[in-house]
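> What follows is the residue order along each chain.
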Amino acid sequence: MKPLRKQGIILFTVLALVLVACGGAAEETVEETTPEVVESLESPAVTTASTVDTGVGVTAEPCPEAIGGVPTGADPTKGCIYLGLLNDYTGPYGPLGPALETGQRAFWLWANQTGGVGDYSVAIVEGFDTGYNPQKHLEGYNAQRDSVAALAMSLGTPQTVFILDNMDTDNMIAAPMSWYSGWSYKSVDRGLVIEFGSAYCADGMNAVDWALANYPVDVKTIGIMGYAGDYGGDYAKGVQAAAEANGLTVAWEYIVPSPEFDVAQAVGLMVTKPVDAYFPAIGPTHMAQVAGGAFQQGLTPLSMMAAPSFNDAFVREGFALAPLFTSGSMYLMAFVAPYEAETAGHATMRATFTAMGIDSANTFLVAGWSSQHHLKGVLEAANKGGDLTRAGIRRAAGSVYVDSDGMMPQRELGQNRADAESFIAVPDGTIASGVKLLAGNYVGPSAGGYDWESGPCS
Amino acid sequence: MIIFLQATVEGLSLAAIYSLVAIGFVLIYKAMEVLSFAQPALAVVGAGIISSLAIDRGIPFWLALFLGVILTGILGLLIERTFLRPMVGEPVFSVAVLTIGIDILLRTVLDSWIGINPKYMGDPFPSYGNFGAVKLGGVNIKYLELAALVTAILLIILLTIFFRKSKYGIAMRATSYDQEAAMAQGINVGRIFGLVWMIAGILAAFAGFFITGGFNTLSQFSFISALRALPAVVIGGLDSIPGAVVGSIIIGLTQGYVAYYQLSFESLIGFSFGNGFSVVAPYLIMFVILIFKPDGLFGTEEVERV
Chain C
119 MKPLRKQGII
129 LFTVLALVLV
139 ACGGAAEETV
149 EETTPEVVES
159 LESPAVTTAS
169 TVDTGVGVTA
179 EPCPEAIGGV
189 PTGADPTKGC
199 IYLGLLNDYT
209 GPYGPLGPAL
219 ETGQRAFWLW
229 ANQTGGVGDY
239 SVAIVEGFDT
249 GYNPQKHLEG
259 YNAQRDSVAA
269 LAMSLGTPQT
279 VFILDNMDTD
289 NMIAAPMSWY
299 SGWSYKSVDR
309 GLVIEFGSAY
319 CADGMNAVDW
329 ALANYPVDVK
339 TIGIMGYAGD
349 YGGDYAKGVQ
359 AAAEANGLTV
369 AWEYIVPSPE
379 FDVAQAVGLM
389 VTKPVDAYFP
399 AIGPTHMAQV
409 AGGAFQQGLT
419 PLSMMAAPSF
429 NDAFVREGFA
439 LAPLFTSGSM
449 YLMAFVAPYE
459 AETAGHATMR
469 ATFTAMGIDS
479 ANTFLVAGWS
489 SQHHLKGVLE
499 AANKGGDLTR
509 AGIRRAAGSV
519 YVDSDGMMPQ
529 RELGQNRADA
539 ESFIAVPDGT
549 IASGVKLLAG
559 NYVGPSAGGY
569 DWESGPCS
Chain F
32 MIIFLQATVE
42 GLSLAAIYSL
52 VAIGFVLIYK
62 AMEVLSFAQP
72 ALAVVGAGII
82 SSLAIDRGIP
92 FWLALFLGVI
102 LTGILGLLIE
112 RTFLRPMVGE
122 PVFSVAVLTI
132 GIDILLRTVL
142 DSWIGINPKY
152 MGDPFPSYGN
162 FGAVKLGGVN
172 IKYLELAALV
182 TAILLIILLT
192 IFFRKSKYGI
202 AMRATSYDQE
212 AAMAQGINVG
222 RIFGLVWMIA
232 GILAAFAGFF
242 ITGGFNTLSQ
252 FSFISALRAL
262 PAVVIGGLDS
272 IPGAVVGSII
282 IGLTQGYVAY
292 YQLSFESLIG
302 FSFGNGFSVV
312 APYLIMFVIL
322 IFKPDGLFGT
332 EEVERV
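Line by line, the protein sequences are chains C and F.
Using this note's numbering, read the first sequence as starting at 119 and increasing by one per residue.
Using this note's numbering, read the second sequence as starting at 32 and increasing by one per residue.
Chain C with its partners taken away, still in its complex shape (with noise of 0.2 Å):
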């Protein structure tokens, strides 16, 4: 080979950089103004129809009677509505996708096996695997768009963002995976994603005020840390609301795109210019280096986590840790109820996952049952209002009342107002799931008297 070490050293450098950037970009942001879209939205909720109107994506003929290795429960006397889903099998999130996808085929299993909605079953196709890539993102929707009637989940908020013209051109509404409180705005949305569980934000503003309420020590002042440009900047920015609504001190904020985040410069924030408090809206294995990093220092402020910052296996046997996020100074803030909840729902959901054989308490076959509540309750709105096409549903979700057997407290879709509920949890290696569930349905002071109909947070 020939010696060309300059050429090589200006590759090197390009390509480290391009490697830097790129590397493990656990999230994307994708900054993107959207025309409201001003419809007439008569809701099918309150009037009842004898026929029912279907379009794509709903058949006359049964749903199979597995998808994906998994029964979908379909009753063979019934039509099918087929459910979209563009899911994660590879790429940074591609470990959760499978438990969601699980989760999900649980809930219409169940939900098929009583009833259905109307003279249908529901079944999820076989999902797309998008990488949590936009751009195959992009191609999976187009794979699915004429044979689906909505979209059992699009995983990823730039992801979803990305798709949304697309979405809007064909009436297509979706669950998202992701709590980013802009879903409940159709500033954001155009009234296509049907959001549930609690906003980053929210949880963000609920998290300060809890710890204000009931921690034991004053807290004063407070450290916020977090992924730019994923759930990290909205978690922040309800802290910030609330931590100025209670005049305290922001000592410091560290907010990165995640690729970034050094652990060093985080720890020594906290050595520094120590706080009483600190709110982490991370990844686990950062979240783990920082707060044992944090602990060496002989430093133990309080930490109110964002869900997504938590993971089960910080309470389990064996890890060096579980004293730590054990020890009363670490809480986080749950997407939903832990499994172990007391609600008719999550009473359904483990019988249905315990007569499937799932021995799990996983957060992400929670989450992944749960996320298809409020979908059910749109087709079921879409269907009594006679009209089950893309177009009837998607009027369905823009006015309609949504429960979840107690899992996630009712809602209103299509208000423009995100809702300010959070759940809070402490972690418990005693229990399956991991966490114990300490308030649900909490809100505090800032977040009842937040504004929500100002518009998302971030």
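Hints in this document: simulated from the structure, not taken from any laboratory.
Some hints could be false.
Unchecked claim - Not the full set, but computed from the structure, chain F residues with beta-carbon under 7 Å of chain C:
id, residue
1, 171
2, 252
3, 290
4, 303
As the list claims (entries may be wrong) - Derived coverage of chain F by chain C (criterion: at least 3 residues anywhere in the stretch with Cβ under 8 Å from a Cβ of chain C; other residues may be distant):
id, stretch
5, 129–143
6, 155–162
7, 237–250
Said to hold, decoys possible - Selected chain C positions facing chain F (Cβ under 10 Å, derived; list incomplete):
id, residue
8, 213
9, 363
10, 365
11, 373
12, 375
13, 376
14, 383
15, 391
16, 392
17, 404
18, 437
19, 438
20, 567
Ideal placement from N, C-alpha and C gives every residue a C-beta, glycine not left out.
Please build the complex by placing chain F on the supplied structure of chain C, with the hints as guidance.
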């Protein structure tokens, strides 16, 4: 002063880890003039093997560490034999892109094994002292970081002895000077290439362990830490082992000092460099050094006839 010493300790321990990755890179470049982007992947694969042996198979940690390091070295050897050997004589760019492909391949397989939960190494370091740390004169020192420093120094000494005293070490040096002349002297250059990749794999496995040991854990994002060693190589010079070490120290200390002093410095001058500056700063230093020393601090100057 305590803060300064703390930042220095943190920086030096980062430097130790970076130097292990960087030396592997330089060895490959010196022998084959191949820009290998697979080193970060080899590091995390090494950690994965150690974790698999220690946690999944219940092998005692120290034995798992030994086996993991050796197996990663063998993996490096296999990569050279299967992917790199046919590329001898091909353009530098093609080979560099091939190593990116190897990096992606290794990490894809590893990521699917890692799954949702971070993996432990099963090492005893977090059980020492205060969750793996001891305070000396007000400075907090982590046993894992101390082990990284000692290991890096020992390995550098061993490599130096190997290159100066052993038959294969001398053969590797000869190959790096002139492949054709080395072949004319009866040196099996192909074997040397394989040996270089094996040593690079061993060094990467050690780096991988120190990145993911203790409560750091191995996750799908662990390789990013190893990736940060790359500017160290450029700063030191692509073909200089001392340069790789010095470059790593510069990068590590820069990261350490920025981590601890950025906020105070910004308050002093009334200007913010922005979040994430500790990761960007090493690249700024790299750019400045390359302006004055295009071949790196210790790189051999290239003279071309024009």
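> Please go over all the hints and tell whether each is borne out by the structure.
Structure-based check of all given hints:
Given the 7 Å rule on beta carbons, the hint for residue 171 of chain F holds: about 5 Å separates it from the nearest Cβ of chain C. A distance limit of 7 Å between C-beta atoms decides the matter here; for residue 252 of chain F the minimum to chain C is near 5 Å, and the interface restraint holds. A least Cβ separation of about 4 Å between residue 290 of chain F and chain C falls short of the 7 Å threshold, and the interface hint therefore holds. The criterion of a C-beta within 7 Å of any C-beta in chain C is not met by residue 303 of chain F, whose closest approach is roughly 11 Å, and the hint is violated.
Counting residues of the stretch 129–143 of chain F whose C-beta lies closer than 8 Å to any C-beta of chain C gives 4; at least three are required, and the coverage claim holds. Counting residues of the stretch 155–162 of chain F whose beta carbon lies closer than 8 Å to any beta carbon of chain C gives 4, which meets the minimum of three for the stated coverage. With 5 residues carrying a beta carbon less than 8 Å from a beta carbon of chain C, the stretch 237–250 of chain F meets the three-residue requirement, and the given coverage holds. Because the smallest distance between the Cβ of residue 213 of chain C and any Cβ of chain F comes to about 4 Å, under 10 Å, the interface hint for this residue holds.
Among the interface hints, the one on residue 363 of chain C is violated; its C-beta lies about 24 Å from the nearest C-beta in chain F, farther than the 10 Å criterion. Interface hint status for residue 365 of chain C: violated, as the beta-carbon distance to the closest one in chain F is roughly 22 Å, over 10 Å. Contact between residue 373 of chain C and chain F, as hinted, is supported at the beta carbon level, the nearest pair being about 6 Å apart and thus within 10 Å. At its closest, the beta carbon of residue 375 of chain C sits 7 Å from a beta carbon of chain F; the interface hint therefore holds under the 10 Å criterion.
Against a cut-off of 10 Å between C-beta atoms, the interface hint on residue 376 of chain C holds, since the closest Cβ of chain F lies about 7 Å away. Using the Cβ-Cβ criterion of 10 Å, the hint placing residue 383 of chain C at the interface with chain F is satisfied: the shortest such distance is roughly 4 Å. For residue 391 of chain C, the interface hint holds, since its Cβ comes within 10 Å of a Cβ in chain F; the closest pair sits about 6 Å apart. A cut of 10 Å between beta carbons decides the hint on residue 392 of chain C: the least distance to chain F is about 12 Å, and the hint is violated.
Among the interface hints, the one on residue 404 of chain C holds; its C-beta lies about 8 Å from the nearest C-beta in chain F, closer than the 10 Å criterion. The interface hint given for residue 437 of chain C is met, as the beta carbon of that residue sits about 6 Å from the closest beta carbon of chain F, less than 10 Å. Against a cut-off of 10 Å between C-beta atoms, the interface hint on residue 438 of chain C holds, since the closest Cβ of chain F lies about 3 Å away. Taken as an interface hint, residue 567 of chain C does not check out: its beta carbon lies about 29 Å from the nearest beta carbon of chain F, beyond 10 Å.
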